[in-house]
Amino acid sequence: MKAGPRESRAYQRLHAKYRPQTPLLRNVTVAFLVGGTICAFGQLVYDFYLGLGFTPAEAAGPLAGTMIFLGAFLTGLGVYDWIGDFGGMGAALPITGFANAIVAPAMESKREGLVQGLGTKMFEVAGPVLVYGLTVSFVVGAVRYIIRAY
Amino acid sequence: MQTLGDPPTPNTLWFSSEPRLISCGSVVGPKEGAGPLGDHFDHVCSDERLGERSWEQAERRLLMAAIDHCLVRAKLKPEDVQVLLAGDLMDQIVTSGYAARHHNAPFFGLYGACSTFSEALLLGSVLVDGGYRKTALCATASHHNAAERQFRAPTEFGAQRPPLSQWTVTGAGACLLGAEPVVKDEPCIVVESGTIGRVVDYDVADPYDLGSAMAPAAADTVLAHLRDVQRSPEYYDLILTGDLGRVGRDLALELAGGQGVQVDGERWQDGGVLIYDRSQNVRAGGSGCACSACVFCGYVWRLMRSRNLRRVLVVATGALLSPLISKQGESIPAVAHAVSFKLV
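Chains as they are written, first to last, in our numbering: chain A, 1 to 150; chain B, 151 to 494.
Please note that a few of the clues may not be correct.
[As the list claims (entries may be wrong)] Derived Cβ-Cβ restraints for the label pairs, each shown as a range:
1. B/479 to A/20: 22 to 30 Å
2. A/117 to B/431: 45 to 53 Å
3. B/197 to A/19: 20 to 28 Å
4. A/77 to B/384: 48 to 56 Å
5. B/302 to A/50: 38 to 46 Å
6. A/22 to B/230: 22 to 30 Å
7. A/114 to B/153: 49 to 57 Å
8. A/19 to B/478: 19 to 27 Å
Rather than coming from a laboratory, the hints here were simulated on the basis of the structure. Note that the Cβ used here is the ideal one computed from N, Cα and C, for glycine as well.
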């Protein structure tokens, strides 16, 4: 039985009455704090590499590597999903969140083998980010090239 | 125009021979064990993986353990089971099929999403009542991590779950139905009737909002059952829906009220609301085809045996979506089947 447009609209009105509200203020505040904490920690790591004598440009590489490792490590320990559920976008947006998006499916698909499991499923979540990130950077690069040429 | 609870034909089956509910078995994971009903289950696993190599294998182990508990309690051997009806949430219901290879009983694999538990009870009752089988074992299982992986995202992926979302129950429940009482000196529970639900779709398309998608189906089946058996909701001590969650249960109550059938909230309980405490971070409540099975086989069955409940209507509800079809933007159809139990 498929509801007609009238019943389905009436149900949507009823639904709106019972639907729990997304706690927007709480989510935004927590995302700011969690994301801010991750970035502040990243700054400490960056300063550490500068202290070792890296130039700012050189320090970016080991900084990204360290943060990716931490994100992956916490995913492996089964902690990052909790941080993500608590911190929302604050945990998803930094590079640690990207590491989580790749390691989480990889961990779970290991049982189906290195090729058909891990290799195939590794980019299940992060794949679209890579596809559209690379596409956009290509387009932006091309536009920049054309503008500079003329 | 069709209305809720008014299917064109009577869809209720009366089981005149009154198949007995001989025994139940329930096994749950650690989170369910820590919930309000934790003391009622036969076994609470300390490890989500149950020592297995994958979540899927852990789910299979849960199903087998629930069946074992059920048979041990009935003092029966696996050979005494004349038909096994089982289902789960995995693709191609592999949990049930693979668990059934350890039994010699003829096997029906069922899929009705989270409504599978009452689907199995209904079909098992038909087979026993018709005299085709002397015993029927009905079992379902689900595992949170296996279900997350299949329907949503990898378990360790750190996405924030919306307030409407529900937590799939890790566990399994099994019921043994029989033509005659096998356990002596016990309160005798029988299956009196059952209502086959129809598929209802009220244009809810959010795959996180399954409680709201299933609420019209639950209301439809409960109303159709009450209409067919010509009873008021007060006849039942408990109407137990499977896994509507907090939002879905309120909506179902409201929909039933809209058709002129007022049920008070104490009488209409939901497995998804009962199984977890609010502090367990499960948002709108529990779900999964183990939700109704564990709550019934663990909690409700014990209450019936201790004569605290005499008449119970179990209405497991299922959302018949797949991740693929919901990404194509279609709304979610749902189904609910009702089974009426009576203490005699």
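Hint by hint, here is what the structure shows:
1. Taking 22 to 30 Å as the suggested C-beta distance range, the pair residue 479 of chain B and residue 20 of chain A conforms, at roughly 24 Å.
2. In this structure, residue 117 of chain A and residue 431 of chain B break the distance hint of 45 to 53 Å, their C-beta atoms being roughly 29 Å apart.
3. At about 36 Å, the CB distance of residue 197 of chain B to residue 19 of chain A disagrees with the hint of 20 to 28 Å.
4. In this structure the supplied range 48 to 56 Å holds for residue 77 of chain A paired with residue 384 of chain B, their Cβ-Cβ distance being about 53 Å.
5. Judged by the Cβ atoms, the range 38 to 46 Å given for residue 302 of chain B and residue 50 of chain A holds: they are separated by roughly 41 Å.
6. The hinted range of 22 to 30 Å is not satisfied by residue 22 of chain A and residue 230 of chain B, whose Cβ atoms lie roughly 52 Å apart.
7. For residue 114 of chain A paired with residue 153 of chain B, a C-beta distance near 56 Å keeps the hint of 49 to 57 Å intact.
8. Here the CB-CB span from residue 19 of chain A to residue 478 of chain B is close to 24 Å, well matched to the stated 19 to 27 Å.
Checked against the numbered hints given earlier, this structure breaks hints 2, 3, 6; the rest are met.
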